Amino acid sequence: MSGKRKWKWNWPWHWWQYGILSVIVLIGIGFTIGRQPLKGLAYALDKPELCILCHVMRPHYESWYHSAHRNMVCNECHTPHNFVGKYFTKARAGIVDTWVYFIGPMPAQFRAKPHTVEILQDNCIRCHTEVISRIGDTRHNGGTYCFSCHRDVPHGIQTGIGPDPRELRQ
Amino acid sequence: SPGCSPKQRQEPSQGVEIGEFEADPAVWGKKYPDHYDTYLQNNMTARTEYGGSDKYSKLEREPLLKTLFSGYGFSKEYTEDRGHTYSLEDIRMIDPARKSAGTCITCKTANFKELYNKYGESYYTQPITHLLDEAKHPIACIDCHDPKTNALVITRPALKEAFARQGKDITKATRNEMRSLVCAQCHVEYYFQTGTKKLTFPWDKGFRADDILQYYQELGFTDWEHADAKTPMLKAQHPDYELNQNSTHQRNGVSCSDCHMPYVRIGTSKISSHWMTSPLRYISEACGTCHRQSEDYLKERILYTQRRVYDQLIKGEQVVAGAIEAISSASKLPTVNAAKLTEARSLHRQAQWYLDFISAENSMGFHNPQEALRLLSESQRLAGESRIRALEALSGASLPPLPSPGPAPGLTSTQEDKSPKQ
Amino acid sequence: SPGCSPKQRQEPSQGVEIGEFEADPAVWGKKYPDHYDTYLQNNMTARTEYGGSDKYSKLEREPLLKTLFSGYGFSKEYTEDRGHTYSLEDIRMIDPARKSAGTCITCKTANFKELYNKYGESYYTQPITHLLDEAKHPIACIDCHDPKTNALVITRPALKEAFARQGKDITKATRNEMRSLVCAQCHVEYYFQTGTKKLTFPWDKGFRADDILQYYQELGFTDWEHADAKTPMLKAQHPDYELNQNSTHQRNGVSCSDCHMPYVRIGTSKISSHWMTSPLRYISEACGTCHRQSEDYLKERILYTQRRVYDQLIKGEQVVAGAIEAISSASKLPTVNAAKLTEARSLHRQAQWYLDFISAENSMGFHNPQEALRLLSESQRLAGESRIRALEALSGASLPPLPSPGPAPGLTSTQEDKSPKQ
Ligand SMILES: [Ca+2]
Ligand SMILES: [Ca+2]
Chain A
1 MSGKRKWKWN WPWHWWQYGI LSVIVLIGIG FTIGRQPLKG LAYALDKPEL
51 CILCHVMRPH YESWYHSAHR NMVCNECHTP HNFVGKYFTK ARAGIVDTWV
101 YFIGPMPAQF RAKPHTVEIL QDNCIRCHTE VISRIGDTRH NGGTYCFSCH
151 RDVPHGIQTG IGPDPRELRQ
Chain B
1 SPGCSPKQRQ EPSQGVEIGE FEADPAVWGK KYPDHYDTYL QNNMTARTEY
51 GGSDKYSKLE REPLLKTLFS GYGFSKEYTE DRGHTYSLED IRMIDPARKS
101 AGTCITCKTA NFKELYNKYG ESYYTQPITH LLDEAKHPIA CIDCHDPKTN
151 ALVITRPALK EAFARQGKDI TKATRNEMRS LVCAQCHVEY YFQTGTKKLT
201 FPWDKGFRAD DILQYYQELG FTDWEHADAK TPMLKAQHPD YELNQNSTHQ
251 RNGVSCSDCH MPYVRIGTSK ISSHWMTSPL RYISEACGTC HRQSEDYLKE
301 RILYTQRRVY DQLIKGEQVV AGAIEAISSA SKLPTVNAAK LTEARSLHRQ
351 AQWYLDFISA ENSMGFHNPQ EALRLLSESQ RLAGESRIRA LEALSGASLP
401 PLPSPGPAPG LTSTQEDKSP KQ
Chain C
1 SPGCSPKQRQ EPSQGVEIGE FEADPAVWGK KYPDHYDTYL QNNMTARTEY
51 GGSDKYSKLE REPLLKTLFS GYGFSKEYTE DRGHTYSLED IRMIDPARKS
101 AGTCITCKTA NFKELYNKYG ESYYTQPITH LLDEAKHPIA CIDCHDPKTN
151 ALVITRPALK EAFARQGKDI TKATRNEMRS LVCAQCHVEY YFQTGTKKLT
201 FPWDKGFRAD DILQYYQELG FTDWEHADAK TPMLKAQHPD YELNQNSTHQ
251 RNGVSCSDCH MPYVRIGTSK ISSHWMTSPL RYISEACGTC HRQSEDYLKE
301 RILYTQRRVY DQLIKGEQVV AGAIEAISSA SKLPTVNAAK LTEARSLHRQ
351 AQWYLDFISA ENSMGFHNPQ EALRLLSESQ RLAGESRIRA LEALSGASLP
401 PLPSPGPAPG LTSTQEDKSP KQ
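Residue numbers (our numbering), protein chains in the order written: chain A, 1 to 170; chain B, 1 to 422; chain C, 1 to 422.
Hint data in this document are derived by calculation from the structure and do not stem from the laboratory.
One should not assume that every hint holds.
As the list claims (entries may be wrong) - Only some residues are given here: those of chain A computed to face chain C with a beta carbon under 7 Å:
#1 Glu-130
#2 Asn-141
#3 Gly-142
#4 Thr-144
To be verified - Away from chain B, derived, C-beta distances all over 12 Å, residues of chain A:
#5 Ala-68
#6 Gly-94
#7 Asp-137
Quantities reported herein were computed from a predicted structural model and do not represent experimental measurements.
The beta-carbon is built from N, C-alpha and C at its ideal position, and this holds for glycine as well.
Based on the provided sequences and hints, a complete structural model is requested.
Laid out in structure tokens, this is it:
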């Protein structure tokens with residue numbers, strides 16, 4: 001079948017061909033993000049105020065700011081607490097979110113991704129070991145996550161883009 | 001590809017001045033181009049399981065409606081509604097017999113403000129054909145917004161008056177209430193006062209179907225006489241606002257606009273979508289704001305309710321149609337027991353009212369699942385009793401009245417629904 | 001004051017070994033003193049609007065139940081249930097006529113494991129008085145926990161078998177499922193197989209009242225013959241687990257234990273409360289963590305549902321009692337139309353089944369409001385038709401059958417409830 005042949009990739013390339021391609025890709029990404037370079041950088045640091053460089057994080061920031069967890073920064077919950085895991089997660093989230101933010105497609109609502117959910121659970125347990133000492137990790141063997149019951153910790157059910165009816169009341 | 005890049009935000013043009021009676025949404029659109037764009041989406045039609053904006057015939061889907069509305073316009077023509085931009089086209093299209101009064105124009109055109117200013121209350125009795133000639137634009141910006149400040153305003157007198165009669169001042173409504181009240185100008189049960197044809201909302205005793213029925217009973221109001229059963233009937237029309245009262249959503253401060261005008265991202269900012277349609281067409285925007293579950297889950301919950309309601313609605317139609325058949329054949333007998341027949345008709349009137357309340361409401365029960373199913377249950381019991389009364393009238397035999405439930409513990413009343421703080 | 005300081009945490013004593021058949025909760029209590037303390041709270045009785053643990057007579061509150069259960073033990077004695085610690089006392093107390101078989105012991109004592117080990121399946125046919133002598137402890141720890149690991153376990157064979165018949169392996173259940181399944185050992189509809197008296201759960205066709213009815217119809221099962229109407233009847237018993245299926249809560253993974261065994265703080269840690277009672281008695285623990293609204297609001301929502309359900313339940317009782325009256329007077333006439341009478345009885349059987357399903361269920365509809373109201377609507381329609389059939393049997397006159405709804409769009413089925421991912 002000649003059609004198949006036509007599309008066959010012509011491996012292998014020379015190393016410098018890879019090199020040129022990578023540079024072009026990196027320049028491309030850098031150019032897109034570079035329009036507002038601080039935003040990408042936010043992921044390297046832990047300050048919640050940096051997260052709201054992207055205004056789309058505003059509802060999450062506001063709800064957190066008014067919660068009992070105000071003294072725990074975002075990354076206390078949203079990143080694993082070991083060096084490699086933490087920076088791997090940050091890098092991954094930084095690339096994905098920045099891409100989505102500048103290039104799209106922007107989801108109508110943001111949701112914690114499945115791996116984020118596991119990280120969150122581990123962090124709840126990390127801080128609240130004492131209180132759950134007798135019930136154990138509720139997630140085990142197909143159980144529920146802490147935030148299935150503690151639905152308002154720390155963002156409230158309202159993290160979407162709509163107005164909070166409770167705030168509209170007068 | 002263009003689909004991937006965020007929509008470009010169009011800056012509201014500050015130079016545009018909007019006239020006091022400006023009915024043309026395109027003119028407003030110069031000032032608010034993004035809002036106008038979403039408004040134009042109302043032109044897109046599509047069907048959902050039980051709603052949507054495809055103009056299909058309800059009479060084809062539910063043939064028993066022909067029996068139920070016999071002798072009334074709705075037995076000939078009864079179609080599903082569609083978007084706001086079609087309101088004028090649709091009223092122009094229907095059978096002239098249904099366009100009984102100038103009053104109809106109230107909820108169909110953005111020229112209403114102008115017309116009301118020109119004719120005052122006398123527009124109610126004008127020939128509708130005449131008013132339709134003057135109406136140039138379907139429902140549009142001026143129906144809900146102040147042309148100067150863009151604030152939400154109530155433009156229809158019937159709503160202001162209904163509130164005033166209950167001693168409430170509608171100008172004191174909160175922003176959140178206004179996000180439902182602008183809809184309550186039209187998406188409500190109404191009647192025309194006999195003689196004056198004045199548009200009136202029958203809420204003086206409350207919003208529940210039972211309260212409105214009682215209001216009509218005391219008024220002795222009748223929409224038409226049923227052709228076969230000769231029962232003096234009531235027709236319910238779109239009690240969307242009423243059914244929604246005291247639902248889980250309403251009690252949590254969720255407004256019509258939250259679900260039917262969800263915020264959408266335009267570029268990097270968000271605006272209220274002015275595409276007012278079935279939330280099934282944009283579940284993630286409409287529900288996702290407050291609900292973290294999947295779209296599939298949310299759709300399935302809507303259908304869980306709607307299937308139950310539709311199931312009982314259709315079964316209710318069967319019993320009410322059965323009552324009509326029984327009454328009309330009994331009434332043809334010369335030996336019929338007239339007193340029993342009158343009772344049968346009175347029960348028929350009530351049963352069909354409860355049924356029609358849910359049939360005419362537009363969410364197939366979703367706006368308040370528990371209340372919807374309660375009303376359908378009322379309807380089926382009353383229709384069954386009506387059939388029994390007709391059979392008694394016809395046969396001469398009779399059953400004892402239903403036994404009393406005894407010293408009722410005072411717990412059955414649905415009157416007690418309170419509104420405690422949240 | 002003592003009320004203000006947090007309870008002191010009692011360290012679980014590690015030395016205590018619990019025997020394989022240890023039925024005495026006090027022995028378990030040595031190892032888990034805090035859990036035992038909360039378990040003892042089951043002794044505190046109090047009434048709520050529609051439930052609670054005050055042992056009042058349902059027959060006094062709803063006198064029509066006497067008519068409904070005429071010819072059956074429940075027409076003489078029918079009381080509200082109370083806590084787990086009373087299970088033995090309560091079954092000892094009742095009229096001997098109601099204690100039909102050894103099978104009854106299954107859900108009443110912590111000695112069950114031992115008894116089953118001793119007698120095997122032959123316990124079903126033992127005289128209950130004999131088994132009651134051997135039963136020393138009411139429902140307790142061993143009914144839900146493994147004495148070695150303390151893990152949740154299913155101890156009642158009927159539940160395992162019901163799952164096995166559907167090809168499901170109950171030992172594969174997740175932790176979250178187990179938090180409901182331990183309750184499903186008892187809080188379910190059941191029947192005794194004819195002859196063997198073997199305890200069986202009628203779920204082979206599904207959990208809905210309609211599915212269970214169909215199961216009994218095909219089996220030709222009957223609990224008793226109604227004394228007045230001579231209808232072969234079914235009795236529903238506590239289908240708490242069944243009604244809960246597909247409710248909003250169940251579909252969101254909320255288990256029985258979440259509401260009836262909420263976590264409570266003891267010192268610096270929290271444990272599952274083992275005081276299993278009406279959540280109205282501890283709304284803030286039972287609901288407050290998932291729902292941030294006020295206690296007043298939450299209570300009012302429970303009542304909003306319960307009032308509607310009770311209202312339709314009582315009205316349903318009236319129509320069903322009316323059907324019984326009609327059938328029994330018709331059956332006394334020598335000229336009665338026997339075929340119609342049989343139809344009337346068949347409708348009576350179904351109508352009362354749907355009614356009783358909600359009456360016997362323990363949450364006055366809260367476990368699934370929409371399903372509860374749908375079933376009550378079914379019940380009222382069927383009872384009305386039963387009355388008509390009886391009047392036809394009695395009078396010789398007759399009404400045409402209910403008209404068909406026409407080419408149904410296939411949307412009415414409640415069968416379609418799916419379980420999409422969340
Ligand atoms: Ca529509
Ligand atoms: Ca109880």
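Outcome of the hint check:
Interface hint at A:Glu-130: satisfied, since its Cβ lies 5 Å from the closest Cβ of chain C, which is below the 7 Å cut-off. Checking A:Asn-141 against chain C: minimum C-beta separation of about 4 Å stays under 7 Å; hint holds. Because the smallest distance between the Cβ of A:Gly-142 and any Cβ of chain C comes to about 2 Å, under 7 Å, the interface hint for this residue holds. Satisfaction of the interface hint for A:Thr-144 is found here, the shortest Cβ-Cβ separation to chain C being roughly 6 Å, below the 7 Å cut-off.
For A:Ala-68, the shortest C-beta to C-beta distance to chain B comes to about 20 Å, beyond the 12 Å cut-off, and the non-interface label holds. For A:Gly-94, the non-interface assignment is confirmed: its Cβ lies about 19 Å from the closest Cβ of chain B, beyond the 12 Å cut-off. With a closest Cβ-Cβ approach of about 21 Å to chain B, A:Asp-137 is found to remain outside the 12 Å limit, as its non-interface label requires.
In this structure, every one of the numbered hints holds.
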